[in-house]
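J.: Listed here are the chains, written in short residue letters.
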Amino acid sequence: MEIIKNLAGTKLTLAPIGRVDTITSPELEAAVQLDGVEELVFDLAKVDYISSAGLRVLLSSQKRMAGKSMIVANACPAVKEVFDITGFSDIFTFA
Amino acid sequence: LSQTTTRFVILGGAGYLLALVLVYVLGTKVAASQADDLLDSAVMQMRADIDKGPDDVINLVGASIVRRFNKPELITNDDIMAYSRMLPLDEICVVDSNSVFLCSTDPSVPIGDKFNLSSKRRLLDYTPLMHGLPNLVEPAFRISADDPNACRKYGATAWSENRGFVQIGLDIKRLGTDLEFYYRTVACDWSIGVCGYYLVADPKTGKIVTATNSGLRGKLLRDDDVAPNIPEKCPGDEESRLYLIGGSKCYVRDFVHCGLRVIAVVPEAEVSAYRTVAVSIASVVMFVLMSAFGVMISAIVKRNAQMRKFFEAERAQAERELAMAKSIQMNALPAVFPPYPDIADRIDICAAMHTAKEVGGDFYDFYYVGANKLAILIADVSGKGVPAAMFMMRAKTTLQAVLRGGGEIGEAVSDANMRISDGNDATMFVTAWIGVIDLCTGEVEYVNAGHNPPILHRRGGHNEWLRSLSGPPLAVVSNVKYKKHNLVLNPGDGIFLYTDGVTEAVNVSCELFGESRLFEALSNPKDVKFSIRSAQRLCEDIAMRVKDFEGAAEQADDITMLAFNLNGEERTFVCTSEGILESQKFLEGYCDNPKASVIHDEIVSNIVRCSGAQIFAMKIVNCGDGFVITYTDSGKPFDPTTEIADPDLTASVESRKIGGLGMYMVKKMSKSVTYRRKGDYNELSVSI
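So the protein sequences, as listed, match chains S and V.
Per our numbering, the very first residue in the first sequence carries number 1; after that it's consecutive.
Per our numbering, the very first residue in the second sequence carries number 96; after that it's consecutive.
Since the hints were made in silico from the structure, they are not lab data.
Treat the numbers as computed from the prediction; the structure is a model and nothing was measured.
C-beta atoms are modelled at their ideal positions from N, C-alpha and C, and glycine is treated no differently.
Please note that the accuracy of each hint is not assured.
Okay, derived cross-link-like pairs now, DSS-like style, lysine-lysine, Cα gap no bigger than 30 angstroms in a straight line [what the hints assert, rightly or not]: (1) Lys80/S with Lys479/V; (2) Lys5/S with Lys690/V; (3) Lys752/V with Lys762/V; (4) Lys763/V with Lys63/S; (5) Lys752/V with Lys80/S.
A few chain S residues that don't get close to chain V, going by computed Cβ distances all over 12 angstroms [to be verified]: (6) Ile3; (7) Asn6; (8) Asp35; (9) Gly36; (10) Val37; (11) Ala45; (12) Ala73.
One side of the interface only, derived from the structure: several residues of chain S facing chain V at Cβ under 10 angstroms [claimed, not checked]: (13) Arg56; (14) Ser60; (15) Gln62; (16) Cys76; (17) Pro77; (18) Gly87.
Work the whole structure out from these sequences, hints included.
T.: Dropping the structure here:
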């Protein structure tokens, strides 16, 4: 899976491309390097779908960013549906 | 025809009767005119004889006087008075050689006087008697010179050597009465035809004076055994009439001449013999003719009835045979769907033939031609009826034989073409689209022999025409090399084959259903969701649309189609990341849907992580409106639907857990999830 990383000062933007599932989420998890990062953005514009493995990465990132800012951006309807079903819509901040 | 016959018999009978009546009437007329002719000549003879009657009396009496007395001077007044008393004579005068009256029965005659000019032609007329003429009779009755009330006929007979003569006068009143004796003699010579006869009667009394049958003499005309219906008085004209005389019908001429009523009779039987003969001959001849005609007519009618019976039987037989041909034709086509239950989840095939009234030459077919190699084909034989059906059977079996023989499809079809062309004296041909599908790889090799282009369906809804042609229809040219074409079907792809009965279906406005309507119908199949098209529904849908399009118009041609879809299948994967990736691809081959992918990911990750199995199997079944995906693994018994608790969706971020979330999502996003422990296997079926 390709992940576009963009670290601008203290803002890290991660834009995975394709599916975020059992196979690919370890790659995404590896990409979440939060040293000195104050602001984390998951840009899901290019994500086709996300499974619970992906949700786990997002949840652990949210925990690690406790007190800091984490934003989930550009979720497509299919992804948004997963967030809704699982109740993650209430936990994450969307943009 | 029997009606015609009846009419003919009636007309013939009427004609027969009419002809007989005509012959009868004509015969009657001929008989009447024949009787008329007979009577005419008889009457003429009778009149002449009657006229001659007084002359003979005068001559007879004169001759007898001349014989008796040697010379006139020997006769005394008494002598001539005696003659006139004895015989019906009214006047007798005797004249000597000097033309002097010697004696007379008439007292007014001047005895001793000379016959002279002043005596009113007496001498002038009788002078020849003084010069050798033996006798003479005046041509007609005349008024007497001495008695103006008497109408008499005069004549005279002379003595030889001019010695004088005796003149005799006969009163007209004596005719018919006093001359009866004479007429008896005269009339006895009268003959009328063969059986004709006469009656002579007194015109005043009707008393019969004489007759051919002398027994009737003295009887009255009106006597019952004579002529009871003859009029009392003679009608006085010259018409022939039919009366009953002597008990039989007779033609009668009734006239009065010189004081005699003469009835000339010709029995009708005599003259009508001709009529009887004519009628008899006519009736016999016509009866024979009519009989011959009747026999002929009845023979024709009988033959006609036989022929009709024969033709009806023939037609019934032909219809039976046609129905049988149709049934044989239909039975020759595979009709059980799905045809291969063991791979029903891998291929979806359906075909239909809606036959028109007449037996046609359409057919479809499919069969294995090798391991995992399925041939599908559709064809249309030119023409209709039993010949087309027979040719279809030939084409079908030949194609099956060559295709099952394996080898390159182009060559196989070329071979089949040569075999079908061989001995194709009926110059029939068959268009065909033949494809061989490798069910493992989805590779298709096909040949289009002049057939309508099929429509290729690509997963996701894209349709395209398969317009590649390989050559002319089969049996047109025997040595054609048919070129094969290739394509690859992916799971979810399909091919729709049809015959021109679909595109050339005609509605009441004479419009064709056409390719564009077909393409449109296939691009927007009714009631088919999820872009998955069941072959059966497709065939039903197109058939219904064509039928709706045709409306009241009669179906002209067979409507034949075959739909083939490459469906899901069962595959086995190893429980590794590679296996998971392959299974993802496998799934996406059928349905490219994020929901399905999420569900698949959750289930497969569960199996790989928790079951302890080395491999897992995955079966995708296309249900038309969705899929059923069944996951099977050989791991420890585990029911994820019950043994994994639902997560707490309200917990805080810190206390949130991922465990259980995946199965929860599967339950929420699928239509249903069912778990079964099957022997040593876990089987989880998800309906999407």
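J.: Holds or violated: are the alpha carbons of lysine 752/V and lysine 80/S at most 30 angstroms from each other?
T.: holds (19 angstroms)
J.: Are the Cα atoms of lysine 80/S and lysine 479/V separated by 30 angstroms or less?
T.: Not satisfied, since the Cα-Cα distance of roughly 61 angstroms exceeds 30 angstroms.
J.: Hint check: is the beta carbon of arginine 56/S less than 10 angstroms from a beta carbon of chain V?
T.: At 4 angstroms from the nearest chain V Cβ, arginine 56/S passes the 10 angstroms test, so the hint holds.
J.: May I ask you to test the interface hint for serine 60/S with respect to chain V, counting a Cβ-Cβ separation under 10 angstroms as satisfied?
T.: Status holds, d = 9 angstroms.
J.: Please work out if lysine 5/S and lysine 690/V have their alpha carbons no farther apart than 30 angstroms.
T.: holds (27 angstroms)
J.: Take the C-alpha atoms of lysine 763/V and lysine 63/S, compute the straight-line distance between them, and say whether it is at most 30 angstroms.
T.: holds (26 angstroms)
J.: So aspartate 35/S supposedly isn't at the interface. Is its beta-carbon more than 12 angstroms from every beta-carbon in chain V?
T.: Given a closest Cβ separation of 21 angstroms, the condition holds.
J.: Can we trust that isoleucine 3/S is non-interface, i.e. its beta-carbon lies farther than 12 angstroms from all of chain V?
T.: Given a closest Cβ separation of 17 angstroms, the condition holds.
J.: Holds or violated: is the Cβ of proline 77/S closer than 10 angstroms to a Cβ in chain V?
T.: holds (9 angstroms)
J.: Would the stated hint for glycine 87/S survive a check requiring a Cβ distance to chain V of less than 10 angstroms?
T.: holds (3 angstroms)
J.: Is it the case that alanine 45/S keeps its Cβ farther than 12 angstroms from each residue Cβ in chain V?
T.: Its Cβ never comes within 12 angstroms of chain V, the nearest being 14 angstroms, so this holds.
J.: Compute the least Cβ-Cβ separation between valine 37/S and chain V, then decide whether it is above 12 angstroms.
T.: holds (18 angstroms)
When each numbered hint is compared with the structure, a violation occurs for hint 1 only.
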